[in-house]
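> Protein sequences, first through last, are from chains X and Z.
Going by my numbering, the letters in the first sequence line up with residues 1 to 503, in that order.
Going by my numbering, the letters in the second sequence line up with residues 504 to 666, in that order.
Just so you know, the hints here were simulated from the structure itself, not pulled from any lab data.
Accuracy of the hints is not assured; some may be wrong.
[Said to hold, decoys possible] Derived lysine-lysine pairs resembling DSS-like cross-links, with alpha carbons at most 25 Å apart:
#1 Lys-497/X to Lys-291/X
#2 Lys-432/X to Lys-239/X
#3 Lys-569/Z to Lys-497/X
#4 Lys-432/X to Lys-649/Z
#5 Lys-291/X to Lys-101/X
#6 Lys-496/X to Lys-291/X
[Said to hold, decoys possible] Here are some chain X residues the structure puts well away from chain Z; computed CB gaps all over 12 Å:
#7 Ala-334
#8 Ile-353
#9 Val-396
Since this is a predicted model, take the numbers as computed values, not measurements.
We treat Cβ as the ideally placed atom computed from N, Cα and C, and that holds for glycine.
Next come the chains, spelled out residue by residue.
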Amino acid sequence: MEQFSTILGLFSYSLTYWWVMIPAILLGNLVGAIPGFSAANTIIILLPLTLSVDVEVALIFMMALYSASQLGNGIPAILVNIPGTGGAAATTLDGYPMAQKGQAQRALVYCFVASIFGGLIGTMFVLALLPVLSQVGNYLHSVEMVVIILFGLTLIAVIAAADMIKGLLAGMLGLLIGAIGTDFIYSEPRATFGMLELYSGVPLVPALIGLFAISEVFVLIERGRVLKDEYMDVVVSSKFYDVWLLVKEAMRSWFLMSWTALIGVIIGIIPGAGASIAAFVAYQQARTFSKTPEAFGTGVPEGVAAPEAANNGVTSGTLVPLMSIGVPGGSTAAIMMVVLQYHGVTLGPRLFIDSPELAYGIFTAAFITYILMIPLMFPMAQYMSRVTTVPAYFLVPMILAFTLLGAFVPRGYVFDMGLAVAFGLLGYLARKTGYHVTAILIGIILGPLMEQYLMRALRISRGDVGILFSSNLGNILWVFLIITLLLPVYKSWQAKKKPKEAA
Amino acid sequence: MEKRPGILPELIIPIGAIAFGIYYLSTVWSLPFQAKVVGIYVAAAIGILSFLLAIRFVREILTGQKSIGITGFFSDPVSEARRWSVLALTLAFIALMPTLGFVVSIFAFVFSTVIIIGGMARLRAAFFTALGMTVVAFLVFLVLVKVRFPTNIIDQTLMELFL
Chain X
1 MEQFSTILGL
11 FSYSLTYWWV
21 MIPAILLGNL
31 VGAIPGFSAA
41 NTIIILLPLT
51 LSVDVEVALI
61 FMMALYSASQ
71 LGNGIPAILV
81 NIPGTGGAAA
91 TTLDGYPMAQ
101 KGQAQRALVY
111 CFVASIFGGL
121 IGTMFVLALL
131 PVLSQVGNYL
141 HSVEMVVIIL
151 FGLTLIAVIA
161 AADMIKGLLA
171 GMLGLLIGAI
181 GTDFIYSEPR
191 ATFGMLELYS
201 GVPLVPALIG
211 LFAISEVFVL
221 IERGRVLKDE
231 YMDVVVSSKF
241 YDVWLLVKEA
251 MRSWFLMSWT
261 ALIGVIIGII
271 PGAGASIAAF
281 VAYQQARTFS
291 KTPEAFGTGV
301 PEGVAAPEAA
311 NNGVTSGTLV
321 PLMSIGVPGG
331 STAAIMMVVL
341 QYHGVTLGPR
351 LFIDSPELAY
361 GIFTAAFITY
371 ILMIPLMFPM
381 AQYMSRVTTV
391 PAYFLVPMIL
401 AFTLLGAFVP
411 RGYVFDMGLA
421 VAFGLLGYLA
431 RKTGYHVTAI
441 LIGIILGPLM
451 EQYLMRALRI
461 SRGDVGILFS
471 SNLGNILWVF
481 LIITLLLPVY
491 KSWQAKKKPK
501 EAA
Chain Z
504 MEKRPGILPE
514 LIIPIGAIAF
524 GIYYLSTVWS
534 LPFQAKVVGI
544 YVAAAIGILS
554 FLLAIRFVRE
564 ILTGQKSIGI
574 TGFFSDPVSE
584 ARRWSVLALT
594 LAFIALMPTL
604 GFVVSIFAFV
614 FSTVIIIGGM
624 ARLRAAFFTA
634 LGMTVVAFLV
644 FLVLVKVRFP
654 TNIIDQTLME
664 LFL
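Only chain X is shown next, with the shape it has when bound in the complex (with noise of 0.2 Å):
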């Protein structure tokens, strides 16, 4: 009852920090939104200004400016296809599509809904079951990782539905892309044409750039603009009355944005799995779970929403092993623990004990800083909107420039820069001829993690494959797995069967 009052108390302590936190909403979101720049090299560029400041004003700053940074992935990737980070990949799916269609300010109305509600879902959750959620990472080696990621992977087939043996080909190509660069146990180097830059792998960054922002750009010269010439009229003639009428409609899909929240969260505990691995096993599940699974890709907002709400419940789940055991969950998480450290703050069971407001206060000041959001974000929606209607010989110079830019930033590599337009070269040759670049892409970011877990596991059993069926909870995973694999093919079964017997 007193860590309750305790809890309840502290929600109300962080919303007096709403002077650190607005600011920070709204430079997350803008970091978020540009490829190459993330939470975590935002917060190492301004680790001065964190090092400097309370060490209560530092947690809410880094937390509020993550929180706000996986919101802000997802603009850029409803508005021209360009994905902020990895996490925001599946949510071009259908809400690209949806502002090639007029819906761009309807896509990002649940982007920001699905964002903020799987968000305090995420946090309330975390809060509520911290001590449970703490041993989850005991619970999950390298086995289970295998069978998450496969989760991910199966993804690929769900893409290639339309086209399978080109969809099939192009995420085998882009998991192949993905194993350049020295192997997790030997450090032997794989396929990296002798350039020291593909060593620690392809960047995924400039991976990332090429595949959706610069192929996209080549494409943009063609058609003129985002907005496909007969909805021009559905975006300019939007009110802002119509955002809160999308709300409404939004919040229809709460159960939907609660359990791939959830899955969000699990994923995030793990550390090393991340936004990417959350918001593909999320799409996949939705639209496994989808009374109409076959409109997935084509513009539906759920397929917005699930990644969406999965990638910000991570942020709450990255932060439990952090603060419970002092191991980060991420690399954001990882400077955040740098930042607590150089203040004096011993991360663990204890500073539940001693620095309730620090260990508590970080998950309710993630709380808030969604509530934040709410006012901050959706009168946004209306006039973001209208950048699908900007012409493209506006758009593609200034894409082309930020996201080259963004390339160089993680690593400061000119490479970098190279490998994006070698990337956009494939991307838009993929596009032009029926293999999905997304497909691609989810080689790249799961093959390296899938390779990582199961050379791990490997080298436990000592080559033996049995270890991948060897524990309970991986093989409840697995048959998770194979119900999800064959569910779709039971609907389709289903769906042929009754037109059959009404005839």
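Fit chain Z to the supplied structure of chain X, relying on the hints for placement.
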């Protein structure tokens, strides 16, 4: 005039994937099993899928659905000219940035790209777009975030004005 879509552009990715798969295997062949296992399986999958695709392409050619050529790959000549020019400008931007510096290369790139796509009628718009873009990029990347882009004397002088 041939109207059926050409098959050749669709072959580029499978052929490229096979070539890359062979190159990949050549670099991992002597490595321990665990370092090459993923490459072997994925390259084998690429080989099988490419073979299935080849069978489909042969059938599509024989049934007259597609032709041996590049029909349908290129769009109208104006769009193609713009696309290849923008690609050339992008490569020039990357190659010349270490020499021209950050500010000059971004201004030149944005200005010329607007002109290439929008035509000479957009001269004023091109100038102001390039100027705005350069100022924003300079402030965000060099002044605020301090990313170590290649810079020259112009960039350094401008940075001294701000820092």
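> Does each hint hold? Answer for all of them.
Results for each hint:
For the given pair, Lys-497/X sits about 16 Å from Lys-291/X by alpha-carbon distance, which is consistent with the 25 Å threshold. At roughly 36 Å between alpha-carbon atoms, Lys-432/X and Lys-239/X are farther apart than 25 Å, so this suggested pair is violated. Restraint check for Lys-569/Z and Lys-497/X: the C-alpha separation of about 34 Å exceeds 25 Å, so the hint is violated. With a C-alpha separation of about 38 Å, the suggested pairing of Lys-432/X with Lys-649/Z is violated against the 25 Å cut-off.
Taken as a hint, the Lys-291/X and Lys-101/X pair is honoured in the structure, with Cα atoms around 22 Å apart against an allowance of 25 Å. Of the pairs offered as hints, the one joining Lys-496/X and Lys-291/X holds, with about 15 Å between alpha carbons and a cut-off of 25 Å not exceeded. With a least beta-carbon separation of about 20 Å from chain Z, Ala-334/X lies farther than 12 Å from that chain, consistent with its non-interface assignment. The beta carbon of Ile-353/X is kept farther than 12 Å from every beta carbon of chain Z, the shortest such distance being approximately 39 Å.
At the 12 Å boundary, the C-beta of Val-396/X falls inside the reach of chain Z, the nearest C-beta of that chain being 6 Å off.
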